[in-house]
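Colleague: Could you put together the complete structure from these sequences and hints?
So the sequence lines, in the order shown, correspond to chains A and B.
Heads up, the first sequence is in this note's numbering, so the first residue is 1 and it goes up one at a time.
Heads up, the second sequence is in this note's numbering, so the first residue is 1 and it goes up one at a time.
Fair warning: there could be bad hints in the mix.
[Unchecked claim] With a straight-line Cα cutoff of 25 angstroms, these simulated DSS-like cross-link-like pairs (lysine-lysine) come out:
1. A:Lys205 <-> A:Lys139
2. A:Lys130 <-> A:Lys215
3. A:Lys139 <-> B:Lys73
4. A:Lys170 <-> B:Lys68
5. B:Lys73 <-> A:Lys170
6. A:Lys209 <-> B:Lys73
7. A:Lys169 <-> B:Lys73
8. B:Lys73 <-> A:Lys215
9. B:Lys73 <-> A:Lys168
10. B:Lys68 <-> A:Lys169
11. A:Lys168 <-> B:Lys68
12. B:Lys73 <-> A:Lys217
Hints are computed from structural coordinates only; laboratory data are not their basis.
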Amino acid sequence: MGDLLYLYGLIPTHEATHPLPSIKGFDGEHEIFMLPNDDVTAIVCHLDHTAYSEETISDKINNDMEWLQEKAFHHHETVQQLAQQFTIVPLKFCTLYKNEESLRETVEKNKVKLKETFELLDGNEEWNLKIYCDDEQIKQQVSESNPVIKAKREEISALPRGRQFFEKKKMDELINQELEDEKNRFCEDIHEKLKSVSLFGSIKKTWGKDVTGRKEKMAWNSVFLLPTSNVEQFLGNVEQYEGDFQEIGWKFEVSGPWPPYHFSSFS
Amino acid sequence: MQQHNPTSGRINVDPDNAEQGLAQLVLTVVELLRQIVERHAMRRVEGGTLTDEQVENLGVALMNLEEKMEELKDVFGLDAEDLNIDLGPLGNLL
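Modeller: Pasting the structure below:
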């Protein structure tokens with residue numbers, strides 16, 4: 001058995017006219033190189049099959065945070081650098097092939113789909129939007145402006161103290177429910193508006209505070225595929241939302257362009 | 001001296017700081033019980049089998065308990081997020 005192939009991404013062969021920048025591969029020794037196969041060129045590097053067997057890698061991913069961080073960073077940096085030069089279908093972290101033959105076979109099988117994907121991605125960029133909010137601030141607005149809650153509060157204030165306690169608890173639940181509804185309404189509205197300047201928009205899972213390290217909660221996380229010519233307008237719109245809604249507890253965080261991980265799939 | 005990490009969801013029983021870790025652990029258990037009692041009481045009240053006087057007494061008692069808990073949290077410098085334990089796949093305790 002020879003070396004394994006680590007696949008970073010696939011690019012259209014007609015764009016592969018200039019040589020790759022000199023980048024060390026996944027093991028920090030072998031250089032990355034192009035492997036053309038008709039219209040699709042794979043960007044890969046060699047990996048020693050004993051040092052990077054499936055078991056070793058999955059063991060490292062699960063147990064060696066430092067290794068994982070370094071390698072994930074390498075993967076991302078490499079793909080990001082390639083994405084600046086080529087239309088690329090980026091691959092997931094640790095996509096390995098046994099040999100050139102098995103890689104060629106998979107590319108061959110997905111030829112039509114890849115061609116469509118290249119056409120879709122050409123001239124477009126992936127951008128990410130995260131919306132954060134101050135729950136307490138939004139909660140206060142909800143509890144002050146919602147007529148149902150307002151009426152309920154007045155009704156409760158006339159009750160004896162003990163009874164009030166239970167009714168307040170029920171009202172808190174109602175406010176929390178309204179808060180979630182309000183957050184979703186707000187974010188969905190922004191998402192729809194931004195979708196109108198993009199080709200596609202897709203909603204992702206929000207991250208917990210332990211991941212973001214921020215004190216505000218993440219209310220929304222979405223990705224957009226934008227024609228390069230619309231990027232400026234997209235960013236302008238987000239800036240405007242920020243200006244309009246920052247005061248009332250909303251924060252917007254936009255990042256990109258990213259390699260189009262969410263708008264290309266290849267396995 | 002190591003401070004407890006408010007968002008880690010872990011109880012930090014540091015040897016140099018055992019008091020603080022212990023207080024956090026004890027208050028977490030007390031808070032869990034308090035919330036269970038409160039929910040149970042809510043169900044009883046909703047069930048409609050209690051007299052107005054019973055509801056009133058229960059409400060006042062629970063309100064006092066909640067206030068006491070707030071005081072204790074203040075004394076030990078803990079907030080609501082500290083009184084929780086991450087149970088991994090089961091989610092958070094509270």
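Colleague: Could you grab the alpha-carbon distance between B:Lys73 and A:Lys217 and see if it respects the 25 angstroms cut-off?
Modeller: Measuring from Cα to Cα gives roughly 23 angstroms; hence the hint holds.
Colleague: Check the hint pairing B:Lys73 with A:Lys168 against an upper bound of 25 angstroms on the C-alpha distance.
Modeller: Roughly 21 angstroms separates the two Cα atoms, so the pair holds.
Colleague: Regarding the pair A:Lys168 and B:Lys68, is the alpha-carbon distance no greater than 25 angstroms?
Modeller: It holds: about 18 angstroms lies between the C-alpha atoms, which stays within 25 angstroms.
Colleague: Mind checking the alpha carbons of A:Lys130 and A:Lys215 for me, to see if they're no more than 25 angstroms apart?
Modeller: Given that 25 angstroms is the threshold and the Cα spacing comes to 14 angstroms, the pair holds.
Colleague: Are the Cα positions of A:Lys170 and B:Lys68 separated by 25 angstroms at most?
Modeller: 21 angstroms, holds
Colleague: Taken at face value, is the distance from the CA of B:Lys73 to the CA of A:Lys169 at most 25 angstroms?
Modeller: Judged against 25 angstroms, a Cα distance of about 20 angstroms means the pair holds.
Colleague: For the pair we were handed, A:Lys205 and A:Lys139, check the Cα-Cα distance against 25 angstroms.
Modeller: 22 angstroms, holds
Colleague: Within 25 angstroms, alpha carbon to alpha carbon, are B:Lys73 and A:Lys215?
Modeller: The hint holds at about 20 angstroms.
Colleague: Compare the distance between the alpha carbons of B:Lys73 and A:Lys170 with 25 angstroms, and conclude whether the hinted pair is satisfied.
Modeller: 23 angstroms, holds
Colleague: So if I understand the rule, the pair passes when the alpha-carbon distance is 25 angstroms or less; does A:Lys209 with B:Lys73 pass?
Modeller: At roughly 22 angstroms apart (the allowed maximum being 25 angstroms), B:Lys73 and A:Lys209 satisfy the hint.
Colleague: Check the hint pairing A:Lys139 with B:Lys73 against an upper bound of 25 angstroms on the C-alpha distance.
Modeller: This hinted pair holds, its Cα atoms lying about 23 angstroms apart.
Colleague: What's the verdict on B:Lys68 and A:Lys169, does the C-alpha distance respect the 25 angstroms limit or exceed it?
Modeller: 17 angstroms, holds
In the structure shown, no violation is registered for any of the earlier numbered hints.
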